[in-house]
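With the hints as constraints, model all of the structure from the sequences given.
These protein sequence lines are chains A and B, in that order. Numbering-wise, the first sequence is residues 74 to 556 according to this note's numbering. Numbering-wise, the second sequence is residues 567 to 1009 according to this note's numbering.
The calculated SDA-like cross-link candidates involving lysine to any residue, where the alpha carbons are at most 25 Å apart (straight line), are:
1) A:530 <-> A:375
2) B:975 <-> A:466
3) B:695 <-> A:531
4) A:130 <-> B:591
5) A:130 <-> B:672
6) B:831 <-> A:298
7) B:831 <-> A:224
8) B:975 <-> A:555
9) B:831 <-> A:264
10) B:589 <-> B:672
11) B:975 <-> A:313
12) B:649 <-> B:661
13) B:895 <-> A:127
14) A:130 <-> B:589
15) A:130 <-> B:734
16) B:831 <-> A:302
17) A:130 <-> B:593
18) B:831 <-> B:843
19) B:577 <-> B:738
20) A:350 <-> B:794
21) A:458 <-> B:797
22) A:130 <-> B:867
Pairwise CB distance ranges (calculated):
23) A:399 <-> B:898: 58 to 68 Å
24) A:200 <-> B:571: 43 to 53 Å
25) A:272 <-> B:826: 17 to 27 Å
Since the hints were derived computationally from the structure, they do not count as laboratory data. Every value quoted in this text rests on a predicted model; they were computed, and no experiment measured them. Glycine included, C-beta positions come from ideal geometry on N, C-alpha and C.
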Amino acid sequence: MEILNLARQAILIPAGIEDGDIEQIMNRLLSSQVDAADIYFQSSHFESWVMEAGIIKEGSHSIEQGAGVRAVYGEKTGFAYSDLIELPVLLEAANNVKAIVRQGQDANPLHCKVSTKAANWPLYYGTQNPLKSLEDQQKIDLLRHVDSETRKLDSRIEEVIISLVGVHEHIIVARQDGSLVADVRPLVRMNVTVIVEQNGQREQGSMGGGGRSDYNRFIEQDTALEYGREAVRQALVNLEAVDAPAGNMTVVLGPGWPGILLHEAIGHGLEGDFNRKGTSAFSGRVGERVASDLCTVVDDGTLPDRRGSLSIDDEGTPTEKTVLIENGILKGYMQDKLNARLMGVSPTGNGRRESYAHLPMPRMTNTYMLPGNHDPGEIIKSVKKGLYARNFGGGQVDITSGKFVFSASEAYLIENGQITRAVKGATLIGNGPDVLTKVSMVGNDLQLDSGVGSCGKEGQSVPVGVGQPTLKIDGLTVGGTSV
Amino acid sequence: MQNQDQINQLKNTVQSILDEAAKQGASAAEAGLSQENGLSVAVRLGDVETIEHHCSQGLGVTVYFGQRKGSASTTDLSAASIKETVSAACSIARYTSEDEFSGLPEQALLATEFPDLDLYHPWDVSVDKAIELAIECEDAARFYHEEISNSEGASVDTHQGLRVMGNSLGFLQGYTSTRHSLSCSVLGQRGDSMQRDYWYTVARNALNLDPAVEVGKKAAERTLRRLQGRSLSTRQCPVLYSAEIASGLLSSFIGAISGGNLYRKSSFLLDTLDTQIFPEFIRIHEQPYLIGALGSSAYDGEGVATKTRDIVTDGILRSYVLSTYSAKKLGLQSTGNAGGVHNLTIDTGTLDYQGMLKELNTGLLITELMGQGVNMVTGDYSRGAAGFWVENGEIQYPVEEITIAGNLKDMLKNIVAVGNDIDYRGNVRTGSILVERMSIAGE
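And the structure:
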């Protein structure tokens, strides 16, 4: 109830939209025989600060608000949105949208009456406005402090670029049964990029983090300074890196962010829409073995304060910890309402959208593998010749062929059970449905990433998280130049 | 005429934003307004899947207090919101630092001539007509061959937009533009092998779109030819980038000679002006005034006049790609590239696609790249790829689950030929590009 009031004050009250107006829009939608309908109201306040070349170079503030109106009939969806939260505009949108029902009998119009249910789901983050969690001067002081401390770390540092970003978002979902549900979502992120130079050779390192809380997280335990140290460390490692090997070899992935493997190799392929349509390499494979029995993988929107977490998804469904793979067996998919209904299963709280101007679809939240029994040192020791990949850039997957890539940004050779030389970044490529069957050791060191992930699908970007323990994969193609 | 009225109305709003900035104490300001609306219709398996009506607007403002700068934006264009947005930008400028390089462009560089580039051709397509067209396209793909087993559908998109920008130097201009597209993606199956591919057509004028049936057939052909792909053994060999992905190679080059990467020293082409970075036969140039083209514009994101100009001639880098800020940082002049390049074009040779395959002789034809894998600082390049193994100029079999790797500096220098099979669908116009040798990693 409190959340809904906050969201009303942020969105509906300034726009002069009352419950009666929402009923009117919803009834307009329901005047055709639709299967489902919703109205999504959103207001986002965003700021960013950039420090570069030792000065506060840029700052920006933006406000995005609007409403999206959707009607669903069978597999068909009608959608319209507007930046103007005004009754006549939204009624017009509803008219456009309900035209999705071709055989538009105006039969049994359900009369919607707005009811405001108290939130009876757990909240996984606070409602605080991160933009106000520090005074502007304190944000500047934080950036300056990180900049000067980072620059002191090594004489080879040429440039330090630091960004600080905060978002405070309110959403309200009006559902066809007339219920209004709301969420207030803080999100912050800080990044430090360092460029180093040695004898004319340049390299860069980058580290950042964040989550659904406020800027104080960067001050506590000197987290922000740690980002700087880590960025410098990575850049200096890369200065020493030799050409990466090329070919198929044993790969040990470090804990945490390398979990992007799971996001690309299996996560996307287990999203409900692709499986309903039968376009995923995992389609129709529930109950089958898709990983070694050491692997249990979940998608979990319920982790407190994490970047990928949500109390409710963008359709108002409370998020869950969804088991995707249990001891190697494929258990289920991630669902939004539309695909869950069409597949005859329950939604899993994975219906997400970039904004009111986009349609929701099944998306990941925080995707990670549960820990195993092995000490990470033991795993390295077991490899005669291979690659240890500790940090990654982005990745991509073709969900139909199952082929996926992810690019290592910090990697080392393993020779006779020892980590030896640093090698240059390289892209790793594999086949989603069988890469996890080659997992032969799982570490006891589960880590989640630091909170920097964004995932793109059909042009929509949403914040996500990944995680994993140290993993050994017996055979993955490493795309270096050293043939 | 109605457009001119709308443009004038937005011009008035932009002027009022600039006035408001001055009133709040800004010594200079720049503002941009945009309005866009459109329709997207998607069909799948012969029936409607989604109908989306788009309508959006936005305002962005940057203010300068001497050398300090602040920016703000909003989607709410009410008078009260505009005032708040300006004051948010002004408030930010109180905290940013004095930056001797910041500020508006030099007056003399601002565009003064605004030829009609023929960018506005609204498509009066009804929802029903769009559905019909999309189904025609998807049907052409679905029923092309029995191995086409499933579909991700086809879609028709049409957008029209209006943009106005102004600054406190007196620049105040606006234009309308349209963009329409038709795309299709289908799946194929043979044995255990399932593949998907797509094709699309895009144009400012719907009359210039490829026929729906052709787009559908092309999507189907592209899907079928990928079936039962295999990996390659790890090796080095020549690599031919097909035209539709070769643009990415040129985009990486442009990234490396862009002001932002240069002044941050995060480019592998630092200090390479007037040096040989391509083979002698390469010429790369910008054509901002092409009539009706997707990348045409008389001015850049700051109002600076764009120029028809050479970037590379005889393989030698003649100019960087700069905005006002990055130019000042480097002690140079803006090249009219705030926001990017305009119809970047590489001169092609005489070989068509088949000729390029012959030139490749034995090696790898790449038709898809995956992942990022490009290190702008060092030029190190390693990406996932799919394509075809070619012997004696003839395609042998599809290839997947491999990577191609090299260093961009070497790759650019070792371009062997550029085909005349130009892909006109984007802001970068190139044919297929043959690179002498790269490392392939596979099974």
